[in-house]
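**Q** As they're listed, the protein sequences go chains A and B.
Everything in the first sequence is counted per UniProt numbering, starting at 1 for the first residue and increasing by one.
Everything in the second sequence is counted per UniProt numbering, starting at 1 for the first residue and increasing by one.
Read the hints as simulated data drawn from the structure, not as lab findings.
A few of these clues could be false.
Each computed DSS-like pair below joins lysine-lysine, with the alpha-carbon atoms no more than 27 Å apart [as the list claims (entries may be wrong)]:
hint	chain 1	residue 1	chain 2	residue 2
1	B	Lys379	B	Lys414
2	B	Lys397	A	Lys8
3	A	Lys46	B	Lys166
4	B	Lys414	A	Lys8
5	A	Lys4	B	Lys414
6	A	Lys111	B	Lys136
7	B	Lys215	B	Lys234
8	A	Lys111	B	Lys414
9	B	Lys397	B	Lys342
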Amino acid sequence: MSGKNLLKAIILGDSGVGKTSLMNQYVNKKFSNQYKATIGADFLTKEVMVDDKLITIQIWDTAGQERFQSLGVAFYRGADCCMLVYDVNNMKSFETLDNWRDEFLVQASPKHPESFPFIVLGNKIDLEESKRQISQKRAMAWCQSKGNIPYFETSAKEAINVEQAFQQIARNALMQEADVPEFNFPPSVSLDAEQKPDQGDCNC
Amino acid sequence: MEELKTHYDYIILGTGIQESILASALARNNKTVLHIDGNQFYGGNECSFNFSEFLEWIMNVQKNDNKAKQSTTTNDINKFYDSYHDIDIKILSGYDIPDNEPEITNRFALQNNKIAEEFLKQTQTSVEKDKLALLKDLIKDNRQFYISLLPKMAYSRGPFIDLLIKADLGNYLEFRSMEKTYIYNNDVFENVPCTKEDVFNSKQIKVIEKRKLMKFLTFVMNYRLEKESYEEYKDKPYSEYIKTYKLNPELQQVILQAINDSEEGLEDATTEEGLASTYRYLKSLGKWGNSPLICPLYGGGSEISQAFCRSCAVYGGVYMLDQKINSLEFKNNQYHLDCELKFTGDHLISSIDYLQDQSNIEITDYHKAIIITDKPLKKNIDISIYIIPPNTINNNKNRIMLIQQGYQANCCPKSKYIIYICTKATDTSKEEIKNVIQQLFEDKNDISEKNKLDEMEGENNENIKKDEEANDNNNKNDDDDDDDDEEEEEEEEEEEASKPKAYISVIFKQSIRKQKSLETKLDKTTLTIIDDMLPGISMETPVENALSIFRQLHPEIEEIYSKPQEEEEEKEEKQEEGQKEQEEQITNENEAVEEQTQ
Ligand SMILES: Cc1cc2nc3c(=O)[nH]c(=O)nc-3n(C[C@H](O)[C@H](O)[C@H](O)COP(=O)(O)OP(=O)(O)OC[C@H]3O[C@@H](n4cnc5c(N)ncnc54)[C@H](O)[C@@H]3O)c2cc1C
Ligand SMILES: Nc1nc2c(ncn2[C@@H]2O[C@H](COP(=O)(O)OP(=O)(O)O)[C@@H](O)[C@H]2O)c(=O)[nH]1
Ligand SMILES: [Mg+2]
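Chain B with its partners taken away, still in its complex shape:
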């Protein structure tokens, strides 16, 4: 077997998106790369899980939390689990228990059922039959779930898509466009107009408001050419500047809360920051579908990491997952790593998970929830975003963002949906998330309701999808005279017949860590620490961050993804071909090989 190198230009710890982009970029530029992860999976904090892996992750977070309370220490330096805390699990009650369970012989299925049972034992006070039946039903489709710890989408025009195209990774990834964005207003989620058409057709916006909005958006599209017109507001709040366009409060909310990719909205942004953010959003409209965002399929984060890691491997990078890291030391100007094998490296790039000295780390906490449901939040809408501005549900302090992904995002089985909730942590944020869940989802299986549906549907009593379609048709018959867009509005105003059921809802706190100051960053010129990715919707900032780190490491490289090697090789080949017949060449090569081995 090929001897494995023990010394590398770069040792990279962690396979998060940023580390993976760097790994790929370095390998493409002839640097030797050893890429290591302490977990069994790719993606670091951007990973995604199958259903069984998700249950295991929850159990591990709980165990780790308890351990931390007892302040026992382990000798593995991987701190992946340390950024998740206070996990609360709620499982739907009253789920139908099947009369006779089919006998299961498949060993993978048996293993999964065991995980479900173990999960209930650890997280619930007792193993209730209905809950076990529910978990077993979900775990049947285990591998159709891709549950993401940091769900992300990408602007259709921006550095992330540019990078994918330049690195030629289109073959490894698939996307589908995000369908709709909604904003919570007067106790309902209202559609946020995404295109000029939407604005013109919107019934929620009055004609005069439309003109003002268009004026503002047109300005933003060209704002960099008209610097003088906002100069005096540059460093003042964006919210102040927007007021000068005399938009009504709802539209101001749309701009500050819904049409941007910032973690917390643009409430506290300066005009300069706000304009840049709105511009990024508008620039991406109209490329693929009606929204500026495209959603990576199969859970996103870890897929993206895998694409970049594969491209690194193709260029010689060495991959080792599931590594227990015993020690990592810097001596004699080299990093010494002791895991399954021993290695040395000239440079170290490390995610914060593997940083031994965490004293220079600044933490921002977010409260998050992951919910698996039987229905989408809005009828017939799959990939979508829901924004709850501050002070709209029970005086929520901060903006709350929901992301929904279903079968169309290839991260759920049919008629299941994952809803992610995220808000910046405060002393009340957990309660706020609980309120939102309570308001939007059912936590009990209402049997009387199911019977009603059964009667209506007759024989077809299993197919929920069919129920929905039937309801839809009823609606259409009722307002036959209306034209298309009016019908849409009608649908929106209509009270949901029944809320989605939360099969399982998991609330937790996640710490997003970053280095405190630049000084420490430059302490050792051979050490690069990668800050955690923020939970904002898009991928632009982390991509820009990774690329700027690359430029700092290798200012001499102008084009990261130029292809000089391949071209050279082709040239070589052509020359060779010109000289000899191909077959001759092979025999020659073989002979040469034999000579060498003798």
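So here's chain A without its partners, still in its complex pose:
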């Protein structure tokens, strides 16, 4: 197990499948049907215990940039795990999972793509059964074909399996070997928020 205690998780999937809602349910225990046009989510953090170890997960939202495939490479960089979400009532959102997984592998280019910790969530299972378009069986078969990706059926609205899914992804991410930097670099310069902008020069 790696010594990491901060994990970057990103949530991918078509627009409208409930990515932001899942995040909010998990971190803030809140669900809202209303779309907030002004403030989206940047990233949310939550502390979790995984096998007696306290881990901070930092979950990055796509901020709507997924809608027209406009997530830049910077968004994917340094992800430790990736959650792929589709809506069980929407066939297209299931069919695009393949593209999202590919896109992730290309953009994030993880060192060990075959064992990279993915997880698949079939969301909105609270809606009536008659609306459902993708069976659990079919989804699980897809996950199996992609190297046994763990699969969860969730509802961000009713808080079903949300906690469990995040717990699982954190655990899997920790199992992943840490990439040890091979060179001793001068540290990179970090601009943290506490830093005050330099005051304009005096006397002018």
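Got chain A sorted already, so can you dock chain B with the ligands onto it with the hints?
**A** Same frame as chain A, now just chain B with the ligands:
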């Protein structure tokens, strides 16, 4: 799915750094923003490319150039490729062809190899085996390359860093400090002293010169308090004013050419401009490391754009890349945009790439080169700047600037370096750049030399890095008695054992465009055109430009990045929490939701 708005306060065309800063600032102040780019990537003319994307860009520039010559027109209004011309490609010859190529099954790798082959077909007279082997080797690490069309760094104290901190974008970007600046003098690159320590320890500067230099630099640090002492020179050339400090010609060159962020040096600057420029440089010393500049990792420009664009998206901005723009019209006081979907906007902010009427545009051309090498220009130095003043290599007319970035800037695989060359275009500038490349780099793989190294190293024949370290140790043993700084000098005077190899070198001309006059700018109050960024090293001017445009658009907003909304929301939350148990609240909310949907 959420209905997409079709009308916006602002439609922004182009995701260059300035447009992206504006997008972020507008969204943060509750303006609705639709941000569009005609390219697949972020950054506009400040973009950076992986190796395969770089090859594709070269091919596209060539195709576009040919098309322009035949004067065919397309109906896409994106003119991104129109600012790059006359591209020349040279690929190292004599590269080792592997005896048996490993079989490749990965479809991305296969695709990349195809691009390499296509590239040779289009740009070379024939597909030579050694060149294909070289390109395939480079493209293996495709995604470790971030090759920038407008490499930039930032002053550690200045408007750009201030803005990043205020906008709280520290989480999105990483920097490493630039290590050293060199200036070409007497046929070698000499280290430019960056700190007082450097000046004191320098062997190149005589004690008396040190005093004069210190006197001058100390004055510059306080120059705004001592206006009367340079009043009579204010509008005269800075070079004249510097002479009054009786500095030797080399130090005058350092001041005019090396320690500033101007595109062409301060040769033609007035004293007022020059002092401001030197001051900006000195002010940034001593914050992070020994140099005033920090280098954004992963190629810079497009990373910076992505950071600002993400912050815009988080505040509701809508992003659409890779858009073919069919038409853009102004009627009934609105902009009508027809791309993947149709939109309207009250205001339009546009980079020059999307400007249909280019008649009011003024162009300054620069000759540039991008070179990928196996070694740094100076041993063990990664992120660095090299200045060639006018008249120092084969009578070059204008100042030539080189920027080197390697693995430490996260824009290359290990033991590869990117070197960018830039100079203002003249009738001889292309030749001048060719001269510089010829002088500094090897264009052939010398096999006899490789064999020699192999013998020396025995088993470890692959690791170039090791060779260098071994050489280093030899040096240290030779001048055991010397102290540290002397050793450094020794190293500098030492002739490079072998020049870096230019695996691929690409020379091209880039047009930097700006609007001719202010009148046209104010033609329509709802239209803002963003001039191209100049190729000077720092990011200060474009940031100031973007911020001043914002102030013109919204003089009523005092603090661009104040956080009133978040605070309000927190307050709201606290009140709610005070009233109810959290769980209750959720069920209530859910019920309310259900009521609505029924
Ligand atoms: C060639 C040159 C000369 C400069 N001369 C002056 C000057 O005379 N006055 C001025 O106000 N600014 C001068 N500056 C600008 C100055 O170095 C920095 O802008 C400023 O000192 C940064 O403040 P600091 O407190 O962060 O770093 P500092 O504390 O100044 O440290 C910066 C570096 O200089 C070294 N240093 C500091 N003081 C001395 C000293 N007395 N002797 C040897 N090394 C020292 C430090 O060890 C460090 O490496 C000069 C800059 C350059 C490039
Ligand atoms: N019924 C139901 N609706 C959901 C669920 N998750 C999200 N939604 C709704 O689906 C819509 C889109 O959700 P959002 O989180 O914005 O999706 P995103 O675009 O993937 O981030 C919103 O109206 C949510 O309220 C769920 O589990 N069940
Ligand atoms: Mg969302």
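**Q** Take the hints in turn and mark each one as holding or not.
**A** Okay, the hints, checked on the actual structure:
no., hint, verdict
1, B:Lys379 to B:Lys414, "holds, 15 Å"
2, B:Lys397 to A:Lys8, "violated, 51 Å"
3, A:Lys46 to B:Lys166, "holds, 25 Å"
4, B:Lys414 to A:Lys8, "holds, 25 Å"
5, A:Lys4 to B:Lys414, "holds, 25 Å"
6, A:Lys111 to B:Lys136, "holds, 20 Å"
7, B:Lys215 to B:Lys234, "holds, 19 Å"
8, A:Lys111 to B:Lys414, "holds, 15 Å"
9, B:Lys397 to B:Lys342, "violated, 50 Å"
The structure fails hints 2, 9 (numbered hints given earlier, in ascending order).
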